[in-house]
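S.K.: Sequence:
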Amino acid sequence: MPAENSKLVIPSYSPVYTTKFGAAYLADSSKLIQKIPSNSIDLIITSPPFALIKQKSYGNKKASHYVDWFIETFALELYRILKPTGSLVIDIGGTWNRKSPTRSLYHFELLLRLCSEPIGFMLAQEFYWYNPAKMPSPAQYVNIERIRVKDAVNPIWWLSKTDRPKADNRKVLTPYKASMKKLFAKGYNDGPRPSGHKVSKVWGRNNGGAIPPNLLLYQENLQQLCQDNLLEIANTQSSDKYLDACKRNNVKPHPARFPISLPTFFINFLTEPGDTIFDPFGGSCVTGEAAENLERYWVTSEIKSEFVLMSRFRFDDHTLHYTEKECAN
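Going left to right, the sequence shown walks through residues 90 to 418 as the numbering used here numbers them.
Hints were generated in silico from the structure; no laboratory data involved. Mixed in with the good hints, there may be bad ones.
Said to hold, decoys possible - Here are the simulated SDA-like cross-link-like pairs (lysine to any residue), alpha carbons at most 20 Å apart as the crow flies:
#: 1; residue 1: LYS120; residue 2: PRO137
#: 2; residue 1: LYS172; residue 2: PRO100
#: 3; residue 1: LYS393; residue 2: PHE370
#: 4; residue 1: LYS260; residue 2: PRO362
Unchecked claim - Distance ranges between label pairs, derived from CB positions:
#: 5; residue 1: GLY298; residue 2: ASN186; range: 36 to 44 Å
#: 6; residue 1: ASP117; residue 2: ASN232; range: 37 to 45 Å
#: 7; residue 1: GLU384; residue 2: HIS154; range: 35 to 43 Å
#: 8; residue 1: LEU165; residue 2: SER101; range: 14 to 22 Å
C-beta: ideal position from N, C-alpha, C; glycine also.
Work out the full structure: start from the sequences and follow the hints.
M.R.: Laid out in structure tokens, this is it:
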């Protein structure tokens with residue numbers, strides 16, 4: 090583990106609980122982030138509240154206000170706390186325009202604002218999370234009028250401060266398909282293709298796995314990602330330590346959890362053990378659990394106490410120090 094990294098200390102704030110590698114804070118992240126030292130975070134990965142038409146229990150902004158809210162409240166601070174080679178990964182779903190079967194452009198507007206002055210992020214690459222288990226919505230246009238198909242893809246923006254952020258796709262190689270294994274066995278047909286591309290002999294070299302595209306595909310029965318830049322992850326898990334604890338305590342789980350395979354992919358791809366991960370919209374602490382499993386230091390901030398308190402069940406009792414202290418404002 091790199092010696093230069095250690096647990097992040099945030100002045101004036103005390104975590105609700107800590108683990109071997111992380112700390113979960115009950116705080117307004119727009120205030121807590123101001124106390125995080127500059128150039129201290131290797132990866133920010135988060136799924137902020139989406140600009141949905143219907144208000145959710147965890148809080149979300151209207152599409153008309155969303156971009157200004159995010160830019161004015163978080164953007165410069167997110168840029169400031171990232172290390173020069175760090176990355177910002179934002180899972181952000183789209184939405185529909187009110188009383189219309191047309192789509193809002195708010196998440197594309199957000200991307201453009203984040204990559205413009207005075208912020209200045211670069212778009213390293215876009216990914217797509219395909220959730221085949223998403224409910225068909227809006228029901229009026231999908232189920233009743235039958236004039237739209239099911240919306241089942243979330244864009245994921247991978248942003249950076251430099252055109253060469255820390256990243257290594259060898260850490261996220263996927264198993265070769267049967268057809269590729271046959272090519273290795275019989276020999277690769279190198280040479281020019283009708284498209285004009287020239288395939289060299291090195292294409293036939295076995296590198297231990299395939300380079301993933303930016304469509305991320307997740308096969309739950311295999312517990313592995315089969316990646317393009319489209320992540321196919323059916324978010325249908327009905328039982329784990331967190332969900333079981335919520336049932337035992339008669340507490341509703343966080344309604345907008347992303348599957349742990351999503352942050353796991355980006356943590357593997359964009360960091361190394363000992364690096365520091367931050368999630369400003371911590372929710373049920375999926376990012377923290379993924380970081381803990383991979384021996385990365387982590388910090389999450391969540392404004393709702395019930396979500397922070399229940400998220401501690403993601404971690405084994407012997408790794409967790411539970412203080413029940415609320416953060417200073």
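S.K.: Decide, hint by hint, whether the structure agrees.
M.R.: Hint by hint, here is what the structure shows:
With a C-alpha separation of about 16 Å, the suggested pairing of LYS120 with PRO137 holds against the 20 Å cut-off. Between LYS172 and PRO100 the CA atoms are separated by roughly 19 Å; this keeps the pair inside 20 Å, and the hint holds. Between LYS393 and PHE370 the CA atoms are separated by roughly 10 Å; this keeps the pair inside 20 Å, and the hint holds. For the hint linking LYS260 to PRO362, the alpha-carbon distance of about 12 Å falls within 20 Å, and the restraint holds.
Between GLY298 and ASN186 the beta carbon distance is about 42 Å. The supplied range of 36 to 44 Å therefore holds. Our hint of 37 to 45 Å for ASP117 and ASN232 holds, since their Cβ atoms are close to 38 Å apart. For the pair GLU384 and HIS154, the beta carbons lie near 39 Å from each other, so the given range of 35 to 43 Å is met. Checked against the hint of 14 to 22 Å, the pair LEU165 and SER101 passes, with Cβ atoms roughly 20 Å apart.
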